[in-house]
Structures are given as structure tokens and as C-alpha cells.
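If you read the protein sequences in the order shown, they are chains A and B. Just so we're aligned: the first sequence equals residues 744 to 1249 in my numbering. Just so we're aligned: the second sequence equals residues 51 to 159 in my numbering.
Derived from the structure by calculation, the hints contain no laboratory data. Treat the hints loosely; a few may be bogus.
As the list claims (entries may be wrong) - Listed below are the simulated DSSO-like cross-link pairs for lysine-lysine, each with C-alpha atoms no more than 27 Å apart in a straight line:
no.	chain 1	residue 1	chain 2	residue 2
1	A	K1138	A	K1108
2	A	K1104	A	K1054
3	B	K148	A	K759
4	A	K788	B	K148
5	A	K1215	B	K97
6	A	K775	B	K148
7	A	K759	A	K771
8	A	K1117	B	K148
What the hints assert, rightly or not - Here are some chain A residues the structure puts well away from chain B; computed CB gaps all over 12 Å:
no.	residue
9	G753
10	V890
11	E896
12	P932
13	E965
14	E984
15	L999
16	H1224
17	L1228
Every residue, glycine too, gets a C-beta built ideally from N, C-alpha and C.
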Amino acid sequence: MVYAPPNQPGSKVSFKSRYANYIGGEWKEPRKGQYFENITPVTGKPFCEIPRSTSEDIDAALDAAHAAKGAWGKTSPAERALVLNKIADRIEQNLEMLAVAETWHNGKPVRETLAADMPLTIDHFRYFAGVIRAQEGRSSQLDNDTVAYHFHEPLGVVGQIIPWNFPILMAAWKLAPALAAGNAVIIKPAEQTPASLLVLMELIGDLLPPGVVNVVNGFGIEAGKPLASSNRIAKIAFTGETTTGRLIMQYASENLIPVTLELGGKSPNVFFEDVTSKKDSFLDKALEGFGMFALNQGEVCTCPSRALVQKSIHGEFMERAVERARAHVPGNPLDPKTTVGAQASNDQLEKILSYLDIGRKEGAKVLLGGERAKLSGDLEGGYYVMPTIFAGNNKMRVFQEEIFGPVVSTTSFEDFDDAIAIANDTLYGLGAGVWTRDVNTAYRAGRAIQAGRVWTNCYHLYPAHAAFGGYKQSGIGRENHAMMLGHYQQTKNLLVSYDPKPMGFF
Amino acid sequence: MQRVTCTPEAAALIRALRAEHGPLMFHQSGGCCDGSAPMCFTVGDFKVGSRDVLLGELEGCPFYIGGDQWERWQHTRLIIDVVVGRGAGFSLEAPTGKRFLTRSEICAV
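Work the whole structure out from these sequences, hints included.
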């Protein structure tokens, strides 16, 4: 069954024709009364209007958040955990509606939103509900009469700017730890995908005290900058690219506040020669792991966009890999059978096409795809790209920059040392994959690759409770894990003397 | 040989943005999401670092790239174009519904 597009008979979701900002628990028109059109990449047509907010709206959200932070920060962990669990339950009860909304709005296949984006979002809220209950401060007995107590305290009001590739899931990754830790939040969705978080807030807004979560939409320069540069936030979190990451750090430096950044990568997926030693389900799994470059149309910060295959098996492995990838062609994202949907925006489509051009000019060989996919009917105006496999070498631009499309650049390596050298020859270090039947090779490779997450005999799993974050230019901080709480908390040390006698020093 | 140039459409957009915002600069981004996109800022908003490389000027506006990134891009010549879109990030043109895009040619070495 193909899901009906929004606002049509039988559809799971209806979008409003115009949205407001969510500030202080209420829907507020942007102060300047300006809006922009939100386009679905499925058809390339606009489907709703979104506030084009400015510093006045950010100020209103800051006011609301500061009014809310005191009471929210003093709630017990049990109360906050209950709220997070209720949010998870509410999302679960409306999973199909949110999945269809997300697909329409981002272009990703509904198969993925149903099976990954929404279930992971739900679990993420439940995970942080759990870890905040279990979190303990530490105390140390420094000597017989002196004790150091360490308490966790919320930072207060935090800013979050999230990307467009997993609009609801990335919001959950940032909101869940911030809320669990007791902060009030101002969150700005990406301008390409501003609507689904608003649909989510319509659903869960009543579960939160007013002002604890404020959603302000708009352009980076008009709304993101006043948020990131405000001296009324205690921390800023950003997921995106490196120049804006530097700008965010620069603004934060003016206010001396902490940042967490996730800026992407160019993740190597390394296949050692023993993967083809048997024609069994493990080989099948490894080939599936290769094909993961097309998951979410390649719009994943950890897209396995460089495949390194040992020379001794390169021909055989690539033949199988290309054949397997051939089956995945773009289709209607609302069809549950579709495995490759639309790219999120026209400019993203154009950027991918520019890299297909650069790859050819650099001399990379096109083993599969290499062009825009033209769909028919209503989908004709949508932004679709054929999954593409390049063969070349690691010095090429298509091996050095994240294309953020369904594009993998493949090359071969001689031996273990060569594999590691190529894998690490990148500015980034977010994700990596290692495939081998030999546990010693797996361990040594995983430790040698300079990346925050090395999937070993698996890829693209994002369970809560496994730390996710970057080495090198890929960013700062670790999401998806209890340790993220530390990025949203202050440490209060009480240094207490239980000795009634003076020190005898003055 | 110029390392960075722009199309007439990009030049027109740069002039329009300069008329509205004053002196401009560019910084070539990398990484995810809008990575690989050129970012346009008013001069002084983005602090140019000591390792950034000045590749040239577009309509009199300096165009920089991170030094590490340039090491890996230096076999290419950049042509800044404009496409329909709004990008993400803090680039100045986003509200116009247009987005700067980096196209590339290979340099003969």
C-alpha cells in the first residue's frame, strides 16, 4: 500500500497551510509577519508556510526559556523522566502519522521513517529518561574530616541548531539529553525541513511546562545567528558543516560558553579479503554494508562514502556489490517498497550533480549510476539521484568531501597498513566500517582508524547507549550516550570540612 | 590562472547582496549537510584564521578556504555559481531563495 500524500483523503497526516513558532507553550506569529514557502522534495512543490523569524522572535523565546528554567531545573529526575517517557509514548502512538509527515517533508523513504527515524526517536527519549534516573553525583573523602561532593546542575537555557537529514531524530538527539539534564531549550530547525518538528510539538507540547521547549524557525543568518551569538544562552549545540561550525565556535568564544558540534565526515568502509572466503550470510551482510551508502539517499553524516576493498578480492567483491546496488533505484518515498527516496532540497541535488561532474573530470570511473533520476507523474519535479559508484583513488575530491548523496567512491588497498593509511587520509573522523572474519584484524583496524565510531561487521546502527561523535574536524562532543548529559550540565562541587577545629594557619 | 571565479549569475547576486549588506567575503565550507558549499558573510562577521588561504576575489570580495582543505582541493579550480534553493548555515543569500554553489574544473598540473 502506498501512503497517500498529506492533506488528501485517506492520508495519515494533514499539514497546516501556515505554521507559527512555538514559544512559551503557545503558537506565536513571527514578530515581523514574514514567512517562507516550505517545499517537499518528493514533488518539488511548496506545501506550507513557515515563519521567517528574526532576532525579536529569538528574544521572545529566550524570555520564555528563562522564565521556565528555574522551575524546570528544580524538578526531580523522576518527574523529568516521566515527561520524557510520556513524550516517547505519544510519539509511539502516532508513529505512522509522524513517519509520513517526515517522509513528505524530507524526501526519505517511508520504509526508513517507519523502521528507523521514529523508533529511534522514541527510544532516545526513553533512554535519557532512564539515564537521568540512574545518574549519580560522586563524592570523595579527601581526608578524615573533608569531603568533596559533586552535584549535577542544569546549565539553564541552551540553544540548538539542527540539520535537515533526520529532522525529528536529530531534534530528539539534542532535546532528550538537554531536557533530561533540566535545561530549557530554544531549537532552530533547518530551513529545508522546518515543519515536522512543528507537527511533533503540536503532538507533545502539552506534556511540557510552557517555555521548556521553544521552536523558532527561520534562516541561519536571520534567526540562527541571534540565537548562537546571544549572551543569554549557556551553551550552543550545532550539527552541520565546518564553516558554520567555526562561526558557531566564534560566537561562543565571544560569550565564553561551551559548544558541541557534529560536522560530518568522509567515512571509510573497509573490506578485508577474508569477507569473500565463504559464500555465506556473512558475505551477504558485508555486501549489504557496502550498499548502506544509499541509506537516506546518502544524506547521513556517517555515510560510508569511501569503500576500501582489499586488492586480492577487489574484482569479485565489486562485481557483487555493483550488482546488488543496481536493484536500488529511486522511487516514490511514500511507497513502503521504495529504498531510495528524494534528496532533501534542490540545492542539495545540484551539489550532488556537481560532484558527479567533478568525479568524472578527475578521472573516476562510473561503475553505476552517475546521473539524476527522472521520475514521472507527480514526482517529475522531485529531487532524485541514481545511486552512484565511483572507482578512483583517495586523492580525488570525491574521496575527500562528503557529497551527502547516494554516492560511494571505491578504491583498493594492498594490506592492513595500506588500508589504515587510506582510511585515515581524510580531514574528518566521524564514522568508519570494518568488515573481516578475523577478530584480531577487526580489533586492530577499529583501534587504528581515527574516527569516533567504528562499526565492526555492521554499519549504520544508531542505538542509544553507543557514543557518537567525531575525531579531527568532525566535531566536539559525544551524542547518543549518557555522557551527553555532561555536555548539558554544570558540576557543582561542595568542599565540606567536618572538622570543628581551626586550621591554625591564620 | 585564477583559482576561483564566478558565473555572471553569481556575480549579479554578489552585487545585489553587497548593495544590501555592505562589503562581503566568502569561506568555502566542508563536511556534512551544506558542506562543500561556499558561505557568504559580511566582512568581519566570520573571523578569518591564520591557516585560511585566500584563493582570490569575486566582484572584489575575498574568497577563503581552510588551509587543510585547500591541500586536498588544490588540483581543482573553483567556479562559484548560483542555483535555486536556500541552503542551511548562515550564508547571506539564503533568504533570497538562491544558493551559491561551488562547481569545479581540474587544473592541468
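When the hints from earlier in the document are held up against this structure, which numbers fail?
Hints 12, 13, 14 not satisfied by this model.
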